[in-house]
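Engineer: Chains as they are written, first to last, in our numbering: chain X, 37 to 353; chain H, 6 to 211.
Bear in mind the hints are in silico, worked out from the structure with no lab data behind them. The beta carbon of each residue, even a glycine, is placed where N, CA and C say it ideally should be. A portion of the hints provided could be inaccurate.
Partial chain X-side listing against chain H, Cβ under 10 Å, derived [unchecked claim]:
| id | residue |
| --- | --- |
| 1 | R217 |
| 2 | Q259 |
| 3 | T262 |
| 4 | G264 |
| 5 | A276 |
| 6 | F283 |
| 7 | I287 |
| 8 | G325 |
| 9 | L329 |
| 10 | M331 |
| 11 | R352 |
Here are the simulated lysine-lysine pairs, DSSO-like style, with alpha carbons at most 30 Å apart [unchecked claim]:
| id | chain 1 | residue 1 | chain 2 | residue 2 |
| --- | --- | --- | --- | --- |
| 12 | X | K86 | H | K193 |
| 13 | X | K49 | H | K26 |
| 14 | X | K119 | X | K353 |
| 15 | X | K47 | H | K76 |
| 16 | H | K20 | X | K49 |
| 17 | H | K26 | H | K16 |
| 18 | H | K26 | X | K55 |
| 19 | X | K193 | X | K86 |
| 20 | H | K20 | X | K55 |
| 21 | H | K26 | X | K86 |
| 22 | X | K47 | X | K353 |
| 23 | X | K49 | H | K193 |
| 24 | X | K353 | X | K133 |
| 25 | X | K353 | H | K76 |
| 26 | H | K193 | X | K47 |
| 27 | H | K76 | X | K81 |
| 28 | X | K133 | X | K119 |
| 29 | H | K76 | H | K193 |
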Amino acid sequence: MQFDAQPWRGKTKRYDIIKEGVIALVIVAILVLGCSLLFGSPDEKSLTFKGWAASNSENFYATAVQELAGTSGTATYGPPYNKASDGLNIGPLWLQKWAGVTRPIDTVNDFVITPLSTQVLSPPIVAALQTWNSAPDSVKSAWASNYDNAITKAEGKIAAVSAGDYGPVPVLAQSLTEMARSGALDAALLSQGGFFQTDNTKQILFFGDGSYLDDAGTAANLQGGTWGMMNETGRYPGQAWLWLYSFWYQIPPFNNEESKPIGANADAYIMAIMGLLSFGLILMPLIPGIRSLPMRIPIHRQIWRDYYRSEAIPRRK
Amino acid sequence: MSEMWTARVRKAWQKNLPIEKLLPDDQPAYVASWIYVFGVLTLSALAVIIGSGIVLAFEGPAWYHTSSTGKFLNSIHFWSVQLFFVFMVIHLWGKFWMAAWRGRRLMTWITGAVAFVTSIATAFTGYLVQTNFDSQWITFEAKDGFNSVGVGAWFTVTNLGQMLLLHVAFLPLILGVLTIIHVLMVRKRGVVPPIDAPADSDGVKL
Chain X
37 MQFDAQPWRG KTKRYDIIKE GVIALVIVAI LVLGCSLLFG SPDEKSLTFK GWAASNSENF
97 YATAVQELAG TSGTATYGPP YNKASDGLNI GPLWLQKWAG VTRPIDTVND FVITPLSTQV
157 LSPPIVAALQ TWNSAPDSVK SAWASNYDNA ITKAEGKIAA VSAGDYGPVP VLAQSLTEMA
217 RSGALDAALL SQGGFFQTDN TKQILFFGDG SYLDDAGTAA NLQGGTWGMM NETGRYPGQA
277 WLWLYSFWYQ IPPFNNEESK PIGANADAYI MAIMGLLSFG LILMPLIPGI RSLPMRIPIH
337 RQIWRDYYRS EAIPRRK
Chain H
6 MSEMWTARVR KAWQKNLPIE KLLPDDQPAY VASWIYVFGV LTLSALAVII GSGIVLAFEG
66 PAWYHTSSTG KFLNSIHFWS VQLFFVFMVI HLWGKFWMAA WRGRRLMTWI TGAVAFVTSI
126 ATAFTGYLVQ TNFDSQWITF EAKDGFNSVG VGAWFTVTNL GQMLLLHVAF LPLILGVLTI
186 IHVLMVRKRG VVPPIDAPAD SDGVKL
């Protein structure tokens, strides 16, 4: 194979690479302009807490209670947000846990108490906040958990929740729902108490704890179980190049969260598989067997058919 | 007296990549297939991506939501990315079936493959910074994958500022450098000869 590295001494032909490049650029520019004029591009408006509280206030209310009770997706997530769980693992590799809590989130204060405290509140809500803030943690936890369980028992219908010892939790949840409905929660979570803010972590995590974002994703056919990772909103092509990443989520055991250990840790296993496959692609010329495929499957006879014909080079056996 | 560093670099460049190799006006006769077009098409799409991206960067990530000019520029950016990947994947498959890593061209393959992976990362961060519903959804879903292997502790997809800077500064820089190295290596080694080809037209294997 060494001769492949030598300068070519066979027949040559005139070839203007600059002209080729300019023609290619013009063709691509025309194609892109044509597609842009004909089809435009996707841009569905972002969802807001205001929209969530207005369209499904019971779900927002119940999610606010979960944030106080520590039972929401974020509150129970684990690293990098908190230590509520160890996160996922690949066999003995607990990478998520080892990376630690680098983006701490306290759902009680970050999502509910602090945003409420930024508002001008009516006396009953001020009293509810004072009651909450002055109560011991064990009491807070009992109030919120009791109420969270009662809402679950009532299947999310807030009006049907039976009476119980919930402390100020119903008032706080109702106040946050009203704050969200007014649009003030979007602003409070965006500013995080400061002027400049470029990190949306808390907003997006709170948002995903309810059903509003999930329902919108399902409606737009974006769920991971239906190749959603490579889809786009509307009738536009998405990240089709993520097809292989998306593929693993469609097949067992990765598509079954109950299946241990792989299905329950599908995200971690799939990331590892894709990392290995990426390395495989990069180092493919060094992998025995795969690197020989182009010699064994004669697609090259088609690519260089004129050359093989003119030089009368026979097909490999 | 030891030779100047500048002189050494100039001599090494002249030895490895003289201008005749960098800008040749002929090519081996076997360079005659449509598959060869997809490398230069990929480069052309990348040029359109960078051009439209620079205009979008000047106006900020939310401009295209409210401006028809911005929407058009966003469409150009969007479709050039779609075409870029189509061209690049065809180019990659073509080079695989040509076993284009032969003849000391391993690093040409490796820089191309790393550029492909970097392109996926660059496009992914682009989808995260659209500041619309799609980016909300992708952000929420994608965080789990990165968190699950510990990467999310630092590569925070939910941090718009971090993703925006990576998308418009760091990743394009890496991709640009990789692309330049890749093209220079193609020019240095020349286009890979056909499988089973002798090194000259008389059929004599060197």
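Engineer: Would you mind marking each hint as holding or not holding in the structure?
Structural biologist: Evaluated hints:
Below 10 Å, beta-carbon pairs count as interface contacts, and X:R217 has none with chain H, the closest being about 19 Å; its hint is therefore violated. With a least beta-carbon distance of about 9 Å to chain H, the hint placing X:Q259 at the interface is held under the 10 Å criterion. Given the 10 Å rule on beta carbons, the hint for X:T262 is violated: about 12 Å separates it from the nearest Cβ of chain H. Using the Cβ-Cβ criterion of 10 Å, the hint placing X:G264 at the interface with chain H is satisfied: the shortest such distance is roughly 8 Å.
The restraint placing X:A276 at the interface with chain H holds, with a minimum CB-CB distance near 7 Å, inside the 10 Å limit. Because the beta carbon of X:F283 sits about 14 Å from the nearest beta carbon in chain H, more than 10 Å, this interface hint is broken. Evaluation of the X:I287 hint against chain H yields a violated restraint, the C-beta minimum of about 17 Å exceeding 10 Å. Residue-level restraint check for X:G325 is violated (minimum Cβ-Cβ distance to chain H is 13 Å; threshold 10 Å).
At a threshold of 10 Å, the smallest CB-CB gap from X:L329 to chain H is about 8 Å, leaving the interface hint in force. For X:M331, the suggested interface contact is upheld, since its CB lies about 6 Å from the closest CB of chain H, less than 10 Å. Restraint check, X:R352 versus chain H: the minimum CB separation of about 7 Å is within 10 Å; hint holds. Note on X:K86 and H:K193: the hinted pairing is violated, with a Cα-Cα distance of about 59 Å set against a maximum of 30 Å.
Straight-line distance between C-alpha atoms of X:K49 and H:K26 comes to about 15 Å, which keeps the hinted pair within the 30 Å bound. The hinted pair formed by X:K119 and X:K353 fails the criterion: a straight-line CA distance of about 62 Å is larger than 30 Å. Under the criterion of a C-alpha separation no larger than 30 Å, the hint pairing X:K47 with H:K76 is inconsistent with the structure, at around 50 Å. For the given pair, H:K20 sits about 24 Å from X:K49 by alpha-carbon distance, which is consistent with the 30 Å threshold.
Annotation: proposed proximity of H:K26 to H:K16 holds, straight-line Cα distance about 15 Å (limit 30 Å). Only pairs whose Cα atoms come within 30 Å are accepted, and H:K26 paired with X:K55 is accepted, the gap being roughly 16 Å. In summary, the hint linking X:K193 to X:K86 is supported, as the alpha carbons are separated by about 20 Å, within the 30 Å threshold. For the given pair, H:K20 sits about 26 Å from X:K55 by alpha-carbon distance, which is consistent with the 30 Å threshold.
Between H:K26 and X:K86 the alpha-carbon distance is near 62 Å, which puts this suggested pair outside the 30 Å criterion. Taking the CA atoms of X:K47 and X:K353, the gap is near 26 Å; set against the 30 Å cutoff, the hint holds. Simply put, X:K49 and H:K193 have alpha-carbon atoms about 18 Å apart, close enough for the 30 Å limit, and the pair holds. A hinted pair counts as satisfied when its Cα atoms are at most 30 Å apart, and X:K353 with X:K133 does not qualify at roughly 54 Å.
For a cut-off of 30 Å, the pair hint linking X:K353 to H:K76 is broken: about 56 Å separates their Cα positions. The suggested pairing of H:K193 with X:K47 holds, with an alpha-carbon distance near 19 Å, which does not exceed 30 Å. Between H:K76 and X:K81 the CA atoms are separated by roughly 13 Å; this keeps the pair inside 30 Å, and the hint holds. Taking the CA atoms of X:K133 and X:K119, the gap is about 8 Å. The hint holds against a cut of 30 Å.
A threshold of 30 Å between alpha carbons decides the hint, and for H:K76 with H:K193 the separation of about 41 Å lies outside it, so the pair is violated.
In this structure, the earlier hints numbered 1, 3, 6, 7, 8, 12, 14, 15, 21, 24, 25 and 29 are contradicted, and the remaining ones agree with it.
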